[in-house]
Amino acid sequence: MTNEMSTGKDMGESRGFSEEQKRCLEETLGGLAQLLPFAGVSADGRITASPLLAPVNLAAPAEAMLHGTPVGDLTKQEKWKLDENPLDIWEKLVAHAEAGRRPDEPDTFRFKYHGLFYVAPAQDSFMVRLRVPAGILTAHQMHGLADLASDLGGGYAHVTTRANIQIRELKPRDIVRVLVRLQELGLTSRGSGADNIRNITASPTSGFDPGELIDVRPFAKGLHHYILNHRDLYGLPRKFNIAFDGGGAVCAAADTNDIGFVACRVTRESLARRGDQPPAEPGIYFRVQLGGITGHKDFARDTGLLARPSEIVAVAAAMVRVFSENGDRTDRKKARLKYLLEKWGAEKFIEETQRRLAFPLARLPVEACEPPRPFAKHGWIGPHRQAQAGLSYVGVGLSLGRMSARQMHQVADFAAEHGSGELRLTVWQNLLIPHVPDASVGTLVRILQKLGFSMDPAAAAGGFVACTGNAGCRYSSTDTKGHAAQLARHLDKRRPGIDVPINVHFTGCPHSCAQHYCGDMGFLGTRLGDGSEGYHVVLGGGMGDEQGIAREVFRGVRAGDVPGLVSRVLDTYGRDRRAGETFVAWSRRHTVGELQELLS
67 MTNEMSTGKD MGESRGFSEE QKRCLEETLG GLAQLLPFAG VSADGRITAS PLLAPVNLAA
127 PAEAMLHGTP VGDLTKQEKW KLDENPLDIW EKLVAHAEAG RRPDEPDTFR FKYHGLFYVA
187 PAQDSFMVRL RVPAGILTAH QMHGLADLAS DLGGGYAHVT TRANIQIREL KPRDIVRVLV
247 RLQELGLTSR GSGADNIRNI TASPTSGFDP GELIDVRPFA KGLHHYILNH RDLYGLPRKF
307 NIAFDGGGAV CAAADTNDIG FVACRVTRES LARRGDQPPA EPGIYFRVQL GGITGHKDFA
367 RDTGLLARPS EIVAVAAAMV RVFSENGDRT DRKKARLKYL LEKWGAEKFI EETQRRLAFP
427 LARLPVEACE PPRPFAKHGW IGPHRQAQAG LSYVGVGLSL GRMSARQMHQ VADFAAEHGS
487 GELRLTVWQN LLIPHVPDAS VGTLVRILQK LGFSMDPAAA AGGFVACTGN AGCRYSSTDT
547 KGHAAQLARH LDKRRPGIDV PINVHFTGCP HSCAQHYCGD MGFLGTRLGD GSEGYHVVLG
607 GGMGDEQGIA REVFRGVRAG DVPGLVSRVL DTYGRDRRAG ETFVAWSRRH TVGELQELLS
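Here the sequence shown stands for residues 67 to 666, where the numbers follow my numbering.
Since the hints were derived computationally from the structure, they do not count as laboratory data.
A couple of the hints might just be wrong.
Stated by the list, open to error - With a straight-line cut-off of 30 Å between C-alpha atoms, the simulated DSS-like cross-links for lysine-lysine are:
hint	residue 1	residue 2
1	K516	K404
2	K399	K363
3	K237	K158
4	K237	K305
5	K142	K404
6	K363	K404
7	K145	K305
8	K145	K158
9	K399	K409
10	K414	K400
11	K404	K305
12	K305	K414
13	K142	K559
14	K559	K516
15	K400	K145
16	K145	K559
17	K400	K142
18	K516	K145
19	K400	K363
20	K409	K363
21	K142	K516
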């Protein structure tokens, strides 16, 4: 043993070890020294051979790290990504398809990088989720997706709350054929699941909204292609959502995203009201909001940043990289951007973003911008005039986002015959047919109504949103789409006499894919004590100009009792509301206790 290890002054006095403790340590460390020599640097800067005097053995192999996190501390999902990059498994996909084989747990995760979700035990099959930037499809692509759903899937598709398309009931042997057919349609599913940036959303009326400040389609598409061309933007700590709102009439739900870019107008008059100097010439800019995750009861918050339209794709790319390098990879529950912002504070996050940008980030208080216009609730249903003279768009209400293959062909035909051959998906699980000549609007609306599509903005079905539910998702506790459909039928028959649009959101688990906390009425699925399906009921949520987290009013309501409860809620609102009072305003005017008393 060295003199350093036997010197009481160096070891015992400085570390406080007893003689017996020193002997035990010497024996233990002496044995280890036979296996691996020790060489470290002590606190006073000297090179030492004693593990007691130095924290790190510089003669040992360095512990593997990922963005500063020891590999041994990573979650199992992070280790799966390290073991085999999910972007490099094409041969494995082919082998699974040829054998008709189901993936094991690690590969089930990896397959999601290609948009393939093995959804057992809910369904012994795959679901494919696309990437449709800004929710824009051509009639040709919709026809192709309808054929794919008929030929290889269950004969239907779902429009999701990210203005996207999912096709279900795909057999393992067909997964490669699915991916190839998507590519032939000019579509992709790459990175649409797992720890990646999800579909880039945008205001669905971009380019033809009479009140929009700017057309945000180029930014959504630009970021989409930037992601596809940069491998380092895959494999984040968790999923990541980005949205662009152009300031038009239809809400893009930007405040529910990890990053929301919201268009605003800066004028000399708005600046004069605050006495601020403009960061540039007055004009159209984007405010940057960060940290939305409504399943965790949080909206994105304004950061004070003001970005030029030409800068926002670069800002998004820099922010995603900051998150990727610094987000928590040891705890999946804390791996979203919200929790990095809570740990660091927004200012440090912005500073780290600035380090990655070649241009300065501008600041301006939100009060120095023109106030945003209110959203048109249910502006995604029915006919509405466009900015272009003589043209309108027609919002088509789907049954909880579901379309049969036949309906997909029909709306594609209508878009080609009555419009420009373009379709727009929305985050409200429906679609728009734009660029319809005003002379054809009435005919198109009547045809769509005869085919069973909802065309009335005040009808109950127009405001219903529901996640997949336990018919197709293993996380869900309830049949959300089935129960939501029952409620919609109940309300349409009963006609409760409410003349204002109401949003009703059903979600089957705390992941809150249907954003139940953001609806006028929200239902969170649960299993009751006897094993039956039920819901916790929240009231008074909203997005955009109605932004707020709904409050829980009832717990454990049986699924069969939901229609009666909702009728009671709407009847009470109809009697109790003040002149012109919205449902959100009415519910927020009362405490939870008062609502329970009114509704019991």
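To see whether the hints hold, each was checked on the structure:
Our distance criterion of 30 Å between C-alpha atoms is broken by K516 and K404, whose separation comes to about 45 Å. A C-alpha spacing of about 14 Å is found between K399 and K363, which places the hinted pair at or below 30 Å, so the restraint holds. At roughly 16 Å between alpha-carbon atoms, K237 and K158 fall within 30 Å of each other, so this suggested pair holds. Annotation: proposed proximity of K237 to K305 holds, straight-line Cα distance about 26 Å (limit 30 Å).
Proximity of K142 to K404 is assessed by CA-CA distance (about 22 Å); at most 30 Å being required, the pair is judged to hold. As the CA atoms of K363 and K404 are separated by approximately 11 Å, the hinted pair is consistent with the 30 Å bound. For the proposed pair K145 and K305, the alpha carbon gap of about 17 Å is at most 30 Å, so the pair holds. As the CA atoms of K145 and K158 are separated by approximately 18 Å, the hinted pair is consistent with the 30 Å bound.
As the CA atoms of K399 and K409 are separated by approximately 14 Å, the hinted pair is consistent with the 30 Å bound. Of the supplied pair hints, the one linking K414 and K400 holds, its CA atoms being roughly 18 Å apart against a limit of 30 Å. For the given pair, K404 sits about 12 Å from K305 by alpha-carbon distance, which is consistent with the 30 Å threshold. Between K305 and K414 the CA atoms are separated by roughly 21 Å; this keeps the pair inside 30 Å, and the hint holds.
About 50 Å separates the Cα atoms of K142 and K559, which puts this hinted pair outside 30 Å; it is violated. Annotation: proposed proximity of K559 to K516 holds, straight-line Cα distance about 17 Å (limit 30 Å). Note on K400 and K145: the hinted pairing holds, with a Cα-Cα distance of about 17 Å set against a maximum of 30 Å. Between K145 and K559 the alpha-carbon distance is near 53 Å, which puts this suggested pair outside the 30 Å criterion.
Distance hint between K400 and K142 is fulfilled; the C-alpha atoms sit about 15 Å from each other, no more than 30 Å. Between K516 and K145, the direct Cα distance comes to roughly 53 Å. Violation of the 30 Å bound is thereby established for this hinted pair. Distance hint between K400 and K363 is fulfilled; the C-alpha atoms sit about 14 Å from each other, no more than 30 Å. In summary, the hint linking K409 to K363 is supported, as the alpha carbons are separated by about 17 Å, within the 30 Å threshold.
For the hint pairing K142 with K516, the CA-to-CA distance comes to about 51 Å; that exceeds 30 Å, so the pair is violated.
In the structure shown, a violation is registered for the earlier hints numbered 1, 13, 16, 18, 21, in ascending order.
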